[in-house]
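Novice: One-letter residues, chain by chain:
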Amino acid sequence: MIWFKLSFKNLIRRKTRSILTVLGVAIAIAVLYSLFQFQQGYQARLKGELGALGAHVMVVPKGCPYEAATIALHGGKWPRYMDEGLLAKVKANPGVAEAAGVIMDAVFAPGNKNVILLGIDEDYMKLRPAWHINGHWWGDTSGDRKDKVGSPGLGQTSASDSDSSVIMGSTSAQEAGLKPGDYWVVPEKNVRLHVVGVLNRTNTQDDGFVFLPRKTLQKISGLEAKLVIILIKAKQVDKTDALVASLKASEVDMNVFPLTELLGTIGALMASTKVFVSAIILIAVILGGVGVLNTVLMAVFERTREIGMMKAMGGSRGDVFKLVWAETILTTVLGGVAGVVIALVSSRLVEALIRGMIPYAPKGSLIGFSLPTMAMCVGLSLVLGLVAGFYPAFRAASVKPVEAIKAE
Amino acid sequence: MEIASACTIKPAVNAKGLVRTYRRGAEQIRALKGIDLNIQCGEFVGVVGHSGAGKTTLLNLIGLMDRATEGSLSVLGHDTARRGVRFDALRRKNIGFVFQEFYLMPTLTALENVLLPTMWGKARDMTEIGSAISDRVPSRQRAAELLKLVGLGQRMTHKPSELSGGEMQRVAVARALVNSPRLLLADEPTGNLDTVTRDGIFNLLLALNRDSGLTVIVATHDLSLESRFTRVVRLEDGNVV
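Protein sequence lines, in the order shown, are assigned to chains A and B. The first sequence: position 105 = 105 (our numbering), numbered continuously. The second sequence: position 128 = 1128 (our numbering), numbered continuously.
Source of the hints: derived by calculation from the structure; they are not laboratory data. Using N, Cα and C, we set each Cβ at its ideal position, and we do this for glycine too. Fair warning: there could be bad hints in the mix.
To be verified - Pulled a few chain B residues facing chain A out of the computed Cβ check, cut under 7 Å:
1) Met1065
2) Thr1069
3) Asp1088
4) Arg1091
5) Arg1092
6) Tyr1103
7) Thr1107
8) Pro1117
Claimed, not checked - Away from chain A, derived, C-beta distances all over 10 Å, residues of chain B:
9) Lys1016
10) Thr1021
11) Ser1051
12) Ser1072
13) Thr1080
14) Val1085
15) Pro1106
16) Glu1145
17) Asn1179
18) Asp1222
19) Leu1223
20) Glu1226
21) Val1233
22) Asp1237
Chain A with its partners taken away, still in its complex shape (with noise of 0.2 Å):
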């Protein structure tokens, strides 16, 4: 500990230096730490939106791949649509156990808040087994559905008015003010509809999204007969690629994906990038290692004499090794846990520009609290700092106590 003590004494003799240096380390973790932790994030995000879809086939209009599953999994406005005979074709497949047909839309509420709606029908209620509606699903007057959860005393529906009820995510609801019974104006659609149902949280995209029946946003949206994606379970899992080829067979103009084929495409991407990213993860922690290695050599030079007296007085090359070497490890240490709190502090900011940069990502935060990747950037920096300090250490130990104290 006094080795510590001592080599702590001796960094701050120069603090701006020492600042600086432990800074650039920082940097370099910090930088190490928000990657790392994104490309984790990424891929159990990833997994966890696909798996919330709730099928194992994805139907959409032919176009980009990538925009296809930022819709499917984000919802938004895709000018590309699909005829909705197409779904009863798809039904009609054998290989087929649900398909659900949905439209989607996107509107701006006041505040310049992107709202995305989703038509849906029962088909879709068949791939959620997980929802648990605050209220009803429409069309059904019974109230008493498995999915109801409490009774908010609401108006039962009509068949007739079930056209014009909404059931919102509960995200959607918190920030809309709205609940079971309320009514809701579709912005820029001016249509009022009857909150009939809000979901519980279910911690998945659904959460943010608003559900019309089908045909209803298809009207109101005038997409009448049009749908954007097709969702499929498989009768047999272990057979997708055999209802993959089969549905692709029947229709030309459409995109069949398997979402293991999604996850692995959108993988190989993160994948390619994850090449570049580690170049630069590598070129940060080399330069915060030669920067470390540059102030400890030039610490050592300066403080020549100083060595030769410790020698002078019984320090071995052993010791005085040890002492530059803790100083530096000292260093980068210091530099890996500031870095830790850095990447922590600046995730949202990192996490929006990597956002930017690359064509889809999860939703929800992707760069968070890890105990491994923090012992992981330590121990690097650890290493940093033993490889870093050697030469610096092996300098000092070197140092001729008669000729040091010479030394001007």
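Got chain A sorted already, so can you dock chain B onto it with the hints?
Specialist: Positioned in the frame of chain A, the structure of chain B alone reads:
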């Protein structure tokens, strides 16, 4: 408190035909030209001479900070020419150094500066000399007592920048004593001090020799101090005269 370890070796320093040459570019400089010297335990020896006479070179050789080019040198019974002699360990256990420049660590307090030499090679010393070092434990207590001995009992927590030149040199003396040396070497210890402070430091070294039997060798160009040594070795142009 035991200031110095007992010195029973006779003689403490024994040099025969000691030569030290340096190379400066193409020129070869003979700093010492064949010195014979015997210093007994408990002596208070002054190595005097003008600048460039070879005083520091001689002290560096006796202090095991340098090796002779020719001749033989035995320090506290150790033949310095023998292979395998660990100079750093010998220095640490047997020799205290005081320099003209004090070389105190600016970030450490007076007490911490005195403690510094106790850090070096401790684990190894424990196995090599066993109980001898454990007599010095706890080091902090010994360092504090040494600072009191040199008159700095009230200045232990002060950093070098808060001490005068004389006080810094007193800290350096305490630091040189912390490992209970058998031999104290002082190279121009009063060179940077005014007359009053110089006398204070000199009297301190003298008292250490007189009261604890510590062998002290002082290199100085200050001829006015000559009469106060028990023995004077006069150097001139690399020779004893």
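Novice: Run every hint past the structure and note whether it holds.
Specialist: Taking the hints in turn, this is what the structure says about them:
1. Met1065: holds, 4 Å
2. Thr1069: violated, 13 Å
3. Asp1088: holds, 4 Å
4. Arg1091: holds, 5 Å
5. Arg1092: With a closest approach of 3 Å, the Arg1092 of chain B hint holds.
6. Tyr1103: holds, 4 Å
7. Thr1107: holds, 4 Å
8. Pro1117: Hint holds; Pro1117 of chain B Cβ to chain A Cβ min 4 Å, cut 7 Å.
9. Lys1016: At about 21 Å from chain A, Lys1016 of chain B clears the 10 Å cut-off, so the statement holds.
10. Thr1021: With a cut-off of 10 Å, Thr1021 of chain B remains clear of chain A, as the shortest Cβ separation is near 14 Å.
11. Ser1051: holds, 13 Å
12. Ser1072: Given a closest Cβ separation of 19 Å, the condition holds.
13. Thr1080: holds, 13 Å
14. Val1085: holds, 13 Å
15. Pro1106: The claim breaks: Pro1106 of chain B does not keep its Cβ more than 10 Å from every Cβ of chain A (closest is about 7 Å).
16. Glu1145: holds, 19 Å
17. Asn1179: violated, 7 Å
18. Asp1222: holds, 20 Å
19. Leu1223: holds, 24 Å
20. Glu1226: Fine: 25 Å to the nearest Cβ keeps Glu1226 of chain B off the interface.
21. Val1233: Per Cβ check, Val1233 of chain B is outside 10 Å of chain A; nearest 20 Å; holds.
22. Asp1237: holds, 19 Å
Hint compliance for this structure: hints 2, 15 and 17 are broken, all remaining hints hold.
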